[in-house]
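2 protein chains.
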Amino acid sequence: MNKVILLNKRPVGKPTADDFKFIEEETPVTQEGQVLLKTLYVSVDPYLRGRMSSAKSYTPPFELNKPIQSGIIAEVIESKNPNFKVGDFVSAIMGWKELQVSDGKNLLRVDGSAAPLSVYLGILGMTGLTAYLGLTEIGKPKAGETLVVSGAAGAVGSVVGQIGKILGCRVIGLAGSDEKTTMLTSKFGYDAAINYKTTTDVQAAIANAAPNGVDIYFDNVGGSISDAVLANVNQLARVPVCGAISVYNETEVPMGPRIQTTLVKNSILMQGFVVSNYVAKFPEAIKQLTSWLQEGKLTYTETIVNGFDHIPQAFLDLFEGKNEGKMIVKI
Amino acid sequence: MNKVILLNKRPVGKPTADDFKFIEEETPVTQEGQVLLKTLYVSVDPYLRGRMSSAKSYTPPFELNKPIQSGIIAEVIESKNPNFKVGDFVSAIMGWKELQVSDGKNLLRVDGSAAPLSVYLGILGMTGLTAYLGLTEIGKPKAGETLVVSGAAGAVGSVVGQIGKILGCRVIGLAGSDEKTTMLTSKFGYDAAINYKTTTDVQAAIANAAPNGVDIYFDNVGGSISDAVLANVNQLARVPVCGAISVYNETEVPMGPRIQTTLVKNSILMQGFVVSNYVAKFPEAIKQLTSWLQEGKLTYTETIVNGFDHIPQAFLDLFEGKNEGKMIVKI
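Quick note, the sequences are listed as chains A and B, same order.
Just so you know, we're using the working numbering here: the first sequence kicks off at 1 and counts up by one.
Just so you know, we're using the working numbering here: the second sequence kicks off at 1 and counts up by one.
In isolation and in its complexed conformation, chain A is listed as follows (with noise of 0.2 Å):
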């Protein structure tokens, strides 16, 4: 039998154990063409949220009933598909099962030599495009700007402070715990790290830490601590909105300050994105970022979580800020 987590019901507010439904199924038969995937590595991310409600977007919602899907690694363990054979490793978006068929058409060969596996659903996968290619293409940094970040020890944000300093930007990071703040500049080399949590005026700790004033901000959470950021702007300051991680939840419209008079009067370009937008850029900046990883100017961490029983578990543990970096159920 194959175990499979379905789309239980839609959250209310903060997602619990009770949305998702655990099922065990006929293990799928291989038809012609197809190959038979045993998950390896499954990836769980603030935006699965999204997709968890009815609300349209960039993506369809899931079913209801139907099997959750995101990233996933896994390994080819029957091919009736001339392009694939036993042994190859994949990578696609999927459902989350423990065997799944497959024609074989979405599925990224990746390979476990050149790295390890679930580097492929972390650095070099969506979360280092979307840091790459978030920063490059919208905020378009120079070296000498300053770069804020929040969400910064998040599995995006990590990467994206990373990629400020190789292109010569001061880069300060907004994050929940000392733990993470401490990571930020040891780790990841951010210049200056603030923790929101514990600093009573975030503003003015912005202003402190980027006394030439805030070039480009990527946004991981949006809410209050974005307010905080904006206020610091300076003129042509570049936005790129990636994520909203502090109001996925909110079960009213959120308020906050209108932002439209801040984006006159500092000739601000702020803009939503998702990776899949850039898909044409993807080659070249996996190239750039293989290229930074081997020599050494990139690193990552990983939060690695063991079981395909808790894979509920750990995406629910996103919203409490208990991953750093990459949060990864490993099965």
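The reader is advised that the hints may include incorrect statements.
Note that identical chains are pooled: a pair holds if it fits in a single copy or bridges any two copies.
For lysine-lysine, the following DSS-like pairs were computed, each having C-alpha atoms within a straight-line distance of at most 27 Å [as the list claims (entries may be wrong)]:
no., residue 1, residue 2
1, Lys80, Lys66
2, Lys281, Lys142
3, Lys322, Lys265
4, Lys287, Lys322
5, Lys140, Lys265
6, Lys281, Lys140
If you are wondering where the hints come from, they were derived from the structure by calculation, not from laboratory data.
Since the structure of chain A is provided, determine the placement of chain B on it from the hints.
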């Protein structure tokens, strides 16, 4: 004696007549290299509200007890500068004075025979440039897309809509009276117009007028009108943020729904701008606007108020929506 209008005090909330002070000074004497200018037309614009405050912005605040400045068309009535002769017409950002001297450096010569002089404060001046460059550089309209314009009957808005039509868009305007909405469809070629003051559910009205969703939202007003438009945007929509007249007079920071989630879900680009960001594109833009004007593809409305003493009241009337199109004071 020469009449001058000074900033008397910084407005709190909505500006009032008390914020301005009339004085008389000696008629200025022209030095070598200078010209003496007689003010003919004065532009009053919502953005001046920002310069009356002390907050830092893209242009420095007006100083207390110094002349207010705005776009002015003047005639050279005395010249000790070889580049200008008596009878020349010029345009510049200058003080609210009946007469003033200039060294000629920032004066742009305008041709009174090619178009009525007031037009160089409007459709062939900052207003037209703001509409054209904001729409084309940020909005990037493609034929077949849907464009929504707020403040659509205003100076900039009425031009934006017409350019949108020329470029093949479906164009929907938001304005605050039936007189204005009628003008939008009958005079400026808008496909649909919504009176936001008498429409109970503006969001639904926009959805109805934009069955394919909104691809570009040219925002002149901010506030709850913008909330209603943003609820209808398509994936990859562009939002040039030109102004926020609805909140310029608020004394508290205006609150509203946070928009980061909307930006991320729909990969929206939102960009505040001032026309001076695009100085390099002015010549090309003026050429295009002049050509459309001469071909009869563009029309415009002016509200002309007569008399130097009425400049402050004309400015105050902008916030009551008393203007149709460009508000100009003729001296």
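Checked hints:
1. In this assembly of identical chains, the alpha carbons of Lys80 and Lys66 lie at most 27 Å apart only when taken from the same copy (26 Å versus 82 Å across copies).
2. In this homomeric assembly, Lys281 and Lys142 come within 27 Å of each other (Cα to Cα) both inside a single copy, at 20 Å, and across copies, at 23 Å.
3. Only between protomers do Lys322 and Lys265 lie at most 27 Å apart by alpha-carbon distance; the minimum there is 25 Å, versus 38 Å within a single protomer.
4. Proximity of Lys287 to Lys322 under the C-alpha cut-off of 27 Å is found in neither arrangement, the shortest distances being 31 Å within a copy and 58 Å between copies.
5. For the homomeric pair Lys140 and Lys265, the shortest alpha-carbon distances inside one copy (20 Å) and between copies (22 Å) are both at most 27 Å.
6. Taking the shortest alpha-carbon separations for Lys281 and Lys140, both the intra-copy value of 15 Å and the inter-copy value of 21 Å come in at or below 27 Å.
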